[in-house]
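So the protein lines, in turn, are chains G and F.
Going by this note's numbering, the first residue of the first sequence is number 4, and it counts up by one from there.
Going by this note's numbering, the first residue of the second sequence is number 858, and it counts up by one from there.
Hint data in this document are derived by calculation from the structure and do not stem from the laboratory.
Accuracy of the hints is not assured; some may be wrong.
Short derived list, chain F residues pointing at chain G, Cβ under 7 Å [what the hints assert, rightly or not]:
1) Arg942
2) Leu1066
3) Trp1069
4) Leu1073
5) Thr1075
6) Glu1080
7) Ser1083
8) Leu1084
9) Gly1085
10) Val1086
11) Ala1130
12) Ala1131
Label-pair ranges, simulated between beta-carbon atoms [to be verified]:
13) G:Arg5 - F:Leu945: 44 to 50 Å
14) F:Arg995 - G:Met55: 17 to 23 Å
15) G:Gly248 - F:Arg864: 54 to 60 Å
16) F:Ala1012 - G:Pro175: 15 to 21 Å
Beta carbons: idealized from backbone N, C-alpha and C, even for Gly.
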Amino acid sequence: MRLTAVGVSYAYVPGEEVLRDVSLSLADGEVVFVLGSNGSGKTTLLHCLSGMHQPTSGTVTVDDRPLVQLTPRERARRIGVVPQLHEPAFAFTVAEAVLMGRAPHLGLFARPGRDDRAIVDRALAAVGILALRGRAYTEISGGEQQLVLVARGLAQGARCLLMDEPAAHLDPRHRHEILGTARGLAADGHSFVVTSHQPDNAFLYADSVLLLVDGRAQGYGTPGEALTEESLRAAYGMEFEILRGESGARAVVPRIRPASSD
Amino acid sequence: MTSERGRRALWILIPAAAVLFLVSLVVGRYGVRPIEALRALFGSADASDVLRALILRVRLPRTIAAACVGANLAVSGAVLQGLFRNPLIDGRVLGVSSGAAFGAALALSLAGGAAAVQGLSFAFALGAVGLVAWIGWRFGAAPLVLVVGGIAVSALFEALVGLVKYVADPLSQLPAITYWLLGGLGASRWETLLPLAAITVLGLVFFTLFSWRLNLLTLSDAEAASLGVHVRPLRIVVIGVATVLIAASVSVSGMIGWIGLVVPHVARAWVGAAHERLVPMAAVLGAATLIGLDTIARTALPSEIPLGILTGLIGIPAFLLLFLRLVRSRGAER
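Produce the entire structure from the sequences given, and follow the hints as far as they go.
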């Protein structure tokens, strides 16, 4: 499956575009990171890709079919959304939360059956949390909740998952757990669009990077192409240097004097 | 695991409710031993006709009405709490109760009969929620808008009830209105019961068939949309059915609070949040609770205790305990 955005613009208020002429293409197995400062249009782009917003100009297509021509159910079977974490009001179990992903496959009065439950178990196993299936969603950690939402996307049957800042609020190990899981699923043919505030993670996990500045693409390409000291300065309005570690991983470090100089 | 627990809970509760139902039929202020009442109920020849008439024409419809009202209030409360993603909500928040109260007060002040009271209170309960839904729909049917609209409409109808009471005849009409507002099932007969029973069956069948989808309505609009579910029309339909259930109930029973708030919490603690189990559990638990309370209401004291007072006296402590538990468990998470 290929998800493509061509020349997408979006304005919440007519005339005030928060996303301008952004293009993006994503094939099976790819992970794209969308970076940019607060308010640069990352989440708006995600909403345009999920079909929640209709671009004011430009088109989003799934395998050459315009997204707007798909019914909500057809869309949900192709594209899954992993929203930012929020506290749910009721304590559904992990399995029940993932089972909700079967909604686009079930009729109005239908209930999920044995097949649906098997799909849920496979999805939970694919993200490595099958052991949590009977636990309350409200009682597991933030990283685990994020994995539940990924599993829900898999249960939807979605090939492409859109993740809105999945790594926010997570410690480095849990961050790796979720983004490493995404990489593993990409190796199996899924694709991911991930918004993030952490350029380091883009270097670690992304095949390509889209850097947004004021709703425009400042750079789009491999992490090395899109993230340069110049483009980062333009995006965040401060100076950075890009370092390379012994493992080959690159890190983005601000050029400021550290508080302690020991 | 949880679904097994839910099934077991129902298997315990359904026989318990059935026993309670029978007990409610055979006890009462009419001085007769329960064993004779049982014999009369099952058509033994030596039972007196008076006793049979009492049980079949007075106690049976009343007990069935208690079961219907309890089930309706509890299921509607559970469904509305899920829909508004707010565990502290029941039918009153949509203006159902105050609309019903105004309708009944109006009918009583115009010296209408039982049918007029039931009909007008049902109509105004629907009208009040219709008004709330209209306000909500104009602003995107967001839960917060519906709640604010509901509070406003409730206040409006409460003021109208006050007005009717103010102008009502203080010797005949005012006591009747006051007594109706306190709630009770003493006036239940087969004629008033039939519409209630029909609506109860239809509503509960709808919510049972629809129960899995109700889970999806607890998600935010955006999240549900990403699952291919368009929540706005579903939300209005579900609110509509819940409203009809509550309106049909309070138009028979008067104001009975707390059942719709407390019973869903107990049911949820027992079988979990998934509506496939929550809906039947709330129905049986609500029915059993109100049968039990109504039996106490008509047998505990020489004269009948208004049911609304009894549910309040038991409901408020239950609510406080529940609230403290909630606060404590929330606190533990932080």
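Consistency of the hints with the structure:
1. Arg942: Hint on F:Arg942: holds, closest Cβ of chain G at ~4 Å, below 7 Å.
2. Leu1066: With a closest approach of 5 Å, the F:Leu1066 hint holds.
3. Trp1069: 5 Å, holds
4. Leu1073: Hint on F:Leu1073: holds, closest Cβ of chain G at ~6 Å, below 7 Å.
5. Thr1075: OK, holds: F:Thr1075 within 7 Å of chain G, min 6 Å.
6. Glu1080: This hint holds: F:Glu1080 lies near chain G, its Cβ roughly 6 Å from the closest one there, short of 7 Å.
7. Ser1083: 4 Å, holds
8. Leu1084: For F:Leu1084, the interface hint holds, since the closest Cβ of chain G sits about 4 Å away, which is under 7 Å.
9. Gly1085: 3 Å, holds
10. Val1086: 5 Å, holds
11. Ala1130: Result: holds, 4 Å to nearest chain G Cβ.
12. Ala1131: 5 Å, holds
13. G:Arg5 - F:Leu945: 44 to 50 Å: Since G:Arg5 and F:Leu945 have Cβ atoms about 47 Å apart, the given range 44 to 50 Å holds.
14. F:Arg995 - G:Met55: 17 to 23 Å: The hint (17 to 23 Å, Cβ to Cβ) holds, given that F:Arg995 and G:Met55 are roughly 22 Å apart.
15. G:Gly248 - F:Arg864: 54 to 60 Å: Taking Cβ atoms as reference, G:Gly248 and F:Arg864 lie about 55 Å apart, which means the hint holds.
16. F:Ala1012 - G:Pro175: 15 to 21 Å: Violated - the Cβ-Cβ distance for F:Ala1012 and G:Pro175, about 52 Å, lies outside 15 to 21 Å.
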